[in-house]
Amino acid sequence: MAVAPTDLTLTVAPAQRGRVATYVRRHPTIAIGGGLLALMVAMAIFAPYLGTVDPQALAPAKRLKWPSAEYWFGTDMFGRDVYSRTIYGARVSLAVGISVSLLAIGLGMAIGLVSGFNRWVDAIVMRVMDGLMSIPAILIAIALMALNRASLRNVILAITIAEVPRVTRLVRSVVLTLREQPYVEAAIASGTVSIKILWRHIVPNTMAPVLVQGTFIAASAMITEAILSFIGAGTPPTIPSWGNIMAEGRGLFQLAYYIVLFPGIMLSVTVLAINLLGDGLRDALDPRLARRL
Amino acid sequence: MLAYVVRRILATIPVMVVVAIFVFALLHLSPGDPAAIIAGDSATDTDIARVHAQLGLDRPFYIQFASWAWGLLHGDLGISIFTNLPVMKLIGQRVEPTIALTVSTLIVSVLVAIPLGILAAAKAGTWVDRVVMVFAVLGFSVPVFVLAYILIYVFSIATHLLPVQGYVGPSDGLRPFLSHLVMPSIALGFVYVALIARITRASMLDVLAQDYIRTAQAKGLPNEKVLIGHALRNAAVPIVTIIGIGVALLIGGVVVTETVFAIPGLGRLTVDAILRRDYPIIQGVILIFSAVYVLINLLVDLSYAVLDPRIRY
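Which chain is which? The protein sequence lines are A and B, in order. Each residue of the first sequence is one higher than the last, beginning at 1 in this note's numbering. Each residue of the second sequence is one higher than the last, beginning at 1 in this note's numbering.
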């Protein structure tokens with residue numbers, strides 16, 4: 001008595017896709033957020049061609065110059081060009097945001113799927129996740145960084161570990177709801193292998209909420225990276241990340257606030273772009289939740 | 001009710017056990033010898049051996065954990081590597097500014113955010129609503145230290161209205177105490193206000209669509225009475241939940257805020273400990289913050305039964 005589950009998904013999918021397209025048209029936040037983000041990504045990729053100089057080049061004779069035609073964003077206490085450092089900083093921030101988002105989603109999906117499908121694993125994994133979630137994410141990242149050498153890779157790993165519990169919880173809750181769906185029960189009853197059920201019926205349905213969550217993780221990872229670098233537990237000072245530039249300008253704020261200002265604006269705008277994109281995606285993909293928020 | 005309270009309190013025990021195991025295991029999660037990393041790059045073999053002995057790293061893992069956990073249960077968080085003082089004592093010395101900052105931020109944020117959310121929901125779709133929502137999106141996007149520096153520039157450097165940084169205890173006069181707290185609290189509370197306002201609006205909109213609200217309006221109750229008496233009461237559970245969950249934002253933000261404003265609290269203690277790789281302090285602070293977070297969310301859970309009499313456990 002196999003209800004053809006594929007038929008069900010087929011009838012739903014085109015309608016949903018059409019709705020998504022209308023939603024995107026109706027929600028300019030996706031366009032604004034996506035556009036701003038694309039601009040930032042382009043800036044990061046083409047950093048060497050945007051009138052920048054070597055972001056690490058020291059010029060002690062030209063230190064602490066205010067923004068001018070020659071130095072658009074001024075120079076820092078070592079005479080380094082703040083404009084070049086800020087443009088190159090986009091690479092670090094975006095790399096952290098994107099990597100953490102992908103890694104956390106990959107790991108969280110894997111753990112959440114298994115956990116949602118196996119009661120034994122679930123009991124143990126969820127206790128661990130509950131514990132981890134009761135430690136503020138930034139403190140987990142700080143603790144991990146304090147014991148590891150400062151490097152971009154370690155920053156990405158530390159923030160990923162801090163973000164995984166939230167993805168796991170989300171994926172697990174979606175899996176638990178889906179498991180009760182008639183088409184999944186039908187698939188189980190007709191003897192479909194678990195892996196196949198997961199892959200064909202569960203995973204595609206977790207995509208929408210996970211995608212939305214992924215954008216918010218990217219935004220929060222970028223802020224966390226900046227905070228870590230700012231308090232001296234992030235990327236090594238040799239890498240011009242926005243947090244590092246701001247940390248270096250910290251002591252000079254009253255004298256040369258522009259060193260903190262420009263990377264601060266860039267970070268805020270990038271995070272804003274990602275948040276707008278995430279809000280728009282959520283509105284488009286999950287109208288029920290969208291009405292509430 | 002009593003059974004629910006007891007059950008809920010007991011449920012926090014496994015959570016705190018996991019937290020404790022994680023915080024303890026952190027030391028062993030790093031590749032290589034933690035003692036070598038703590039001792040620093042220029043450490044000699046004797047330095048490393050000293051840290052080894054101090055942290056008890058030369059003993060078997062389970063014995064290390066057992067003795068650490070035993071100390072923990074007796075309020076002993078270990079000895080700071082750098083200062084050789086008990087971590088508990090160091091935390092005790094630094095706790096006042098952090099409590100002053102977070103409690104004032106929490107109270108002011110809630111008092112600002114909930115009316116904002118109610119206003120946005122009551123005027124849904126108008127420019128008032130849109131302003132509040134734009135403010136909320138900004139709140140999520142401007143990192144706490146960026147906002148902190150903007151505030152310092154506007155209120156201290158440009159206009160000299162408020163002190164640039166520092167902390168003055170309440171015993172040294174209420175005015176200086178408050179004037180030193182204004183900017184840190186705004187910077188720290190911004191994202192928290194955004195979060196609470198957004199959920200308040202969403203939750204109110206849900207409730208305002210209910211039939212009994214229309215009934216209340218139809219029988220001629222004044223608008224405020226409907227909003228506060230009928231709607232807010234029923235919208236309270238998600239709002240209180242987010243107030244509890246959002247405390248994580250405050251705890252994370254405190255570390256940064258105290259650094260920017262040079263406030264000698266637990267956040268500053270943590271940052272100093274990171275720079276000196278003083279691991280027992282970092283462990284202690286994380287444990288304390290997590291315990292407070294768990295406790296607050298326990299109170300939130302318990303408040304459900306009071307807020308919504310329909311909830312029976």
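Since the hints were derived computationally from the structure, they do not count as laboratory data. All values reported here derive from a predicted model rather than from experimental measurement. Every residue gets a Cβ at the ideal spot worked out from N, C-alpha and C, and that includes glycine. There's no promise every hint is true.
To be verified - Selected chain B positions facing chain A (Cβ under 8 Å, derived; list incomplete):
1) P14
2) L27
3) S141
4) V142
5) P143
6) S179
7) V255
8) V256
9) I282
Q) If you take the shortest Cβ to Cβ gap from V256 (chain B) to chain A, is it below 8 Å? A) 5 Å, holds
Q: For the hint on S179 (chain B), just tell me whether its beta-carbon gets within less than 8 Å of chain A.
A: 18 Å, violated
**Q.** Restraint satisfaction for I282 (chain B) [CB to CB of chain A, less than 8 Å]
**A.** 5 Å, holds
Q) Does V142 (chain B) meet its interface restraint, that is, does its C-beta lie within less than 8 Å of any C-beta in chain A? A) At 5 Å from the nearest chain A Cβ, V142 (chain B) passes the 8 Å test, so the hint holds.
Q. Quick one, is the P143 (chain B) hint okay against chain A at 8 Å, beta carbons?
A. 5 Å, holds
(Q) Let's test the interface hint: is any C-beta of chain A closer than 8 Å to that of P14 (chain B)? (A) Because about 6 Å separates P14 (chain B) from the closest Cβ in chain A, which is inside the 8 Å limit, the hint holds.
Q. Is the hint on V255 (chain B) kept, meaning its closest Cβ partner in chain A is under 8 Å away?
A. 6 Å, holds
(Q) The hint names S141 (chain B) as touching chain A; please verify it with the least Cβ-Cβ distance against 8 Å. (A) Since the shortest Cβ distance to chain A is 4 Å, the answer is holds.
Q) Would the stated hint for L27 (chain B) survive a check requiring a Cβ distance to chain A of less than 8 Å? A) 7 Å, holds
Hint compliance for this structure: hint 6 is the single one not met.
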